[in-house]
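Trainee: Single-letter residue listing:
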Amino acid sequence: MRSIKTLLKIGIPTLLIVIFASFFVHFSSQAATIAAVYVYMNRVQAGLSTGVEYTIAIRPVTAIPTGGSVTIVFPDAEDDAWCTTAGNLTATGVTSSTADQSSGNFKIASALPGTLSGACTKGSGPGSADTITITGLTALTANTTYGVNIKGGTGVLGTSAGAGEREVTVSVFSGATMDSKTFKIYLISNDSVVVSATVSEAPTVNCTISANSVNLGTLYPGGAFAIGSHTISTSATNGYYWAAYGQGDGSNDAGLWKATSVTKLIPSTGSTTVDLNPANAEGFGMVLTQPAGGSVVPANFNLNPASGVFGALDMKLAGARMIIYKTSGAGSAEVSTVTYGAKAGTGAPAGAYSETVTFVCGGYY
Amino acid sequence: MILKTLKEYNRILLLPVIILCLSVVPVFAQSSLSIGVSPTFKTLKMQPGETYSDEIVFWNLSGESDTYDVHIKGFRQIENQPGTAVILTDEQEAEALYSASKWITVEKDVLTLEPSKNTKLRYTINVPTNVTDGEFNAEIFLISKTKGELEGSGTFANLAAGTPFLIQIGDEFIENAELLRFTSDKKTYERININFLTQLKNLGDTHITPVGEIVVENIFKQEVARIPFNRNKQSLLRDNIGNYTDNWSQSGYLSPSKVLSVGPMKAKLLVTYRSFQPGFAVLSSEASFWIIPWKIIIAILVILLTGIIVVVSKKKLQRRK
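So the sequences go chain by chain: A and B. Our numbering puts the first residue of the first sequence at 1, with every later residue one more than the last. Our numbering puts the first residue of the second sequence at 1001, with every later residue one more than the last.
Because the hints were derived from the structure by calculation, they are not lab data. Misleading hints may appear alongside valid ones.
Claimed, not checked - Covered stretches of chain B, as calculated for chain A (at least 3 residues, CB under 8 Å): (1) 1153-1165; (2) 1226-1236.
Said to hold, decoys possible - Pairs of lysine to aspartate or glutamate residues, derived as DMTMM-like cross-links and limited to a Cα-Cα distance of at most 20 Å, are as follows: (3) B:Lys1233 / A:Glu201; (4) B:Lys1266 / B:Glu1190; (5) B:Lys1145 / A:Asp249; (6) A:Lys316 / B:Glu1091; (7) B:Lys1201 / B:Glu1178; (8) A:Lys316 / B:Glu1079; (9) B:Lys1042 / A:Glu201; (10) A:Lys316 / B:Asp1090; (11) B:Lys1117 / B:Glu1055; (12) B:Lys1120 / A:Glu201; (13) A:Lys316 / B:Asp1069; (14) B:Lys1268 / B:Glu1286; (15) B:Lys1201 / B:Asp1239; (16) A:Lys151 / A:Asp79; (17) A:Lys181 / A:Glu165; (18) B:Lys1102 / B:Glu1055; (19) B:Lys1120 / B:Glu1107; (20) A:Lys316 / B:Glu1095; (21) B:Lys1108 / B:Asp1069; (22) B:Lys1117 / B:Asp1069; (23) A:Lys122 / A:Asp80; (24) A:Lys151 / A:Asp191; (25) A:Lys316 / B:Glu1093; (26) B:Lys1295 / B:Glu1190; (27) B:Lys1042 / B:Glu1107; (28) A:Lys184 / A:Asp76; (29) B:Lys1042 / B:Asp1171; (30) B:Lys1102 / B:Glu1135; (31) B:Lys1258 / B:Glu1190; (32) A:Lys258 / B:Glu1151; (33) A:Lys151 / A:Asp80.
Keep in mind the model is a prediction, meaning the values are calculated, not measured. C-beta: ideal position from N, C-alpha, C; glycine also.
Chain A extracted, bound-state conformation (with noise of 0.2 Å):
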């Protein structure tokens, strides 16, 4: 009874005396949490011994007087693994990095500042983590987004093993005030990609007509030839070639063909050029221009349409001429323009004429 009357005379004032006293008690430590913070890592694969480099962004909510420092605290259970050899870092103050947002407090608006030099520590069983530390701050403003890029050399900064989350704790601070932030990392297994693909030996060509069709106006019985074009271009391997047909009437020669009655053919007569100057003059062919390269046109293709003289076109399959070739390879696309002349006699009559040409394309055997 006497030890419960003891322990009261001493234990009550004890205790008025600690809760009176603490009204004077003045913590001076001003912890607050991060208003952002990211951890750009270029590498993300678990179990990295070397080659990881960090990019952090910080927006400190309370001004950080000069002389501070910014530190990384990774998982407690994992020393070695972050620190992989305990040295320095360079760390650089940067204005951007590639994990930036558009907008917004995770976009950096200033490089960290001050003569920063960064450092690793190791752990060393509980209580001591893998830890980087940057020193050498100059004084930061609260609500401003701070950006910093670590690496080390080689050996330096790894990653611990086995894929999965990782608690770290960023921290920045100056004396007694402290701002932090402690957030999930992850690892993967891989964060690689291998592309791969094979070249074909074989060889190739790849042939274009820039138009299907083509318009040639209007033709005026006895009149001026008309002409139009669209362009061949081509690219090869080995070589190419291509060669041309049209379909005419189907029966006697290729050439501009009216189907509907009265039927009439204005043809592509002769073997070799037709030419549409004379007054009298019908009939329907094509020239080609030569691309510089070493590409040839045969030489009754190869002539200049103002000249009025065209190459002369044979029918179907069977009649498959010649227009362009190239005895080489084009690597790049070789452009052809292709002109059609064709010109109506004075006994043509009233009407739509069409021929189709089929260009026939191909690399040498």
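With chain A held as given, fit chain B onto it using these hints.
Mentor: Relative to the frame of chain A, chain B by itself:
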């Protein structure tokens, strides 16, 4: 009141609308055609009863899809152009003794080539068991379907491409060829840009791929150039004639080995064409031509003449003095 106003507006708006509608002329939208193919040829050695299957890849680099009809026919060479192929007409096909078109089947008769996409066409070659030895050919050939209409007169363009097959049945073939012509395209040249024209005839029962060299020598029998013949290895089908053009061009009149390439020149062609022991059947021929840099010669003559005139004039003046 409102109805009256609307009627007034109707009168104002109706006439232009009618005019616009009448003025619309249907215009055919042009579109491009594009086809790529790989491989561009296939040479096979097969035995009676054997089956072979593979695929040809086609692609379309234009912005819109195109539809092609798939044809399988024997093929022929174009106009003495070795290494070229155009499928036979139905009439020619019926008479073709060495067409392998009936041996080949494909999985599709019509192929749509989507833009920027590879389209594979699988084929199977079944060699009949009772076929005789020899070289057969066929081509899997795509021809675009004509599309659209045309206002007035004009032309439509179709695009065609394919893969020719040369199929050798058996092991023994006669490889024989004749050199019909070897010449330069001109007799005199001012600059060194010379085309050598060679014409060969295949007399054997299989295709040949002639290779060789053209050796050019000057008047002192010094070698000034050695040009590969048929650099692109264009093959010549049997019973066909092939024209080959090989170019020799050089910027100056000195060869890389500093030999003068001016004056009368001689070119010697050496061609082999056999796949087995090619050295036992060499075709050779010679052609001669001149390289005359006449502009340079005239310039030198003018300078010499001017010099002579100046010297003579000076001497005359000195004599007068």
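Trainee: For every hint, state whether the structure bears it out.
Mentor: Results for each hint:
1. 1153-1165: Check passed, 11 qualifying residues.
2. 1226-1236: With 5 residues closer than 8 Å to chain A, the segment 1226-1236 of chain B meets the three-residue bar; holds.
3. B:Lys1233 / A:Glu201: Roughly 16 Å separates the two Cα atoms, so the pair holds.
4. B:Lys1266 / B:Glu1190: It holds: about 16 Å lies between the C-alpha atoms, which stays within 20 Å.
5. B:Lys1145 / A:Asp249: holds, 18 Å
6. A:Lys316 / B:Glu1091: Within the cut-off at roughly 12 Å; holds.
7. B:Lys1201 / B:Glu1178: holds, 5 Å
8. A:Lys316 / B:Glu1079: holds, 15 Å
9. B:Lys1042 / A:Glu201: Holds - the C-alpha atoms of Glu201 of chain A and Lys1042 of chain B are around 12 Å apart, at most 20 Å.
10. A:Lys316 / B:Asp1090: holds, 11 Å
11. B:Lys1117 / B:Glu1055: holds, 15 Å
12. B:Lys1120 / A:Glu201: holds, 16 Å
13. A:Lys316 / B:Asp1069: holds, 16 Å
14. B:Lys1268 / B:Glu1286: Cα-Cα ~4 Å, so holds.
15. B:Lys1201 / B:Asp1239: holds, 7 Å
16. A:Lys151 / A:Asp79: Within the cut-off at roughly 19 Å; holds.
17. A:Lys181 / A:Glu165: Holds, at about 16 Å.
18. B:Lys1102 / B:Glu1055: holds, 17 Å
19. B:Lys1120 / B:Glu1107: holds, 10 Å
20. A:Lys316 / B:Glu1095: Holds. Lys316 of chain A to Glu1095 of chain B sits at ~17 Å (cutoff 20 Å).
21. B:Lys1108 / B:Asp1069: holds, 9 Å
22. B:Lys1117 / B:Asp1069: With Cα atoms ~18 Å apart, Lys1117 of chain B and Asp1069 of chain B stay inside 20 Å; holds.
23. A:Lys122 / A:Asp80: holds, 6 Å
24. A:Lys151 / A:Asp191: Roughly 19 Å between the alpha carbons, so the hint for Lys151 of chain A and Asp191 of chain A holds.
25. A:Lys316 / B:Glu1093: holds, 14 Å
26. B:Lys1295 / B:Glu1190: At roughly 8 Å apart (the allowed maximum being 20 Å), Glu1190 of chain B and Lys1295 of chain B satisfy the hint.
27. B:Lys1042 / B:Glu1107: With a Cα-Cα distance of about 18 Å, the restraint between Lys1042 of chain B and Glu1107 of chain B holds, given a limit of 20 Å.
28. A:Lys184 / A:Asp76: Holds, at about 14 Å.
29. B:Lys1042 / B:Asp1171: holds, 18 Å
30. B:Lys1102 / B:Glu1135: holds, 15 Å
31. B:Lys1258 / B:Glu1190: holds, 19 Å
32. A:Lys258 / B:Glu1151: It holds: about 13 Å lies between the C-alpha atoms, which stays within 20 Å.
33. A:Lys151 / A:Asp80: holds, 17 Å
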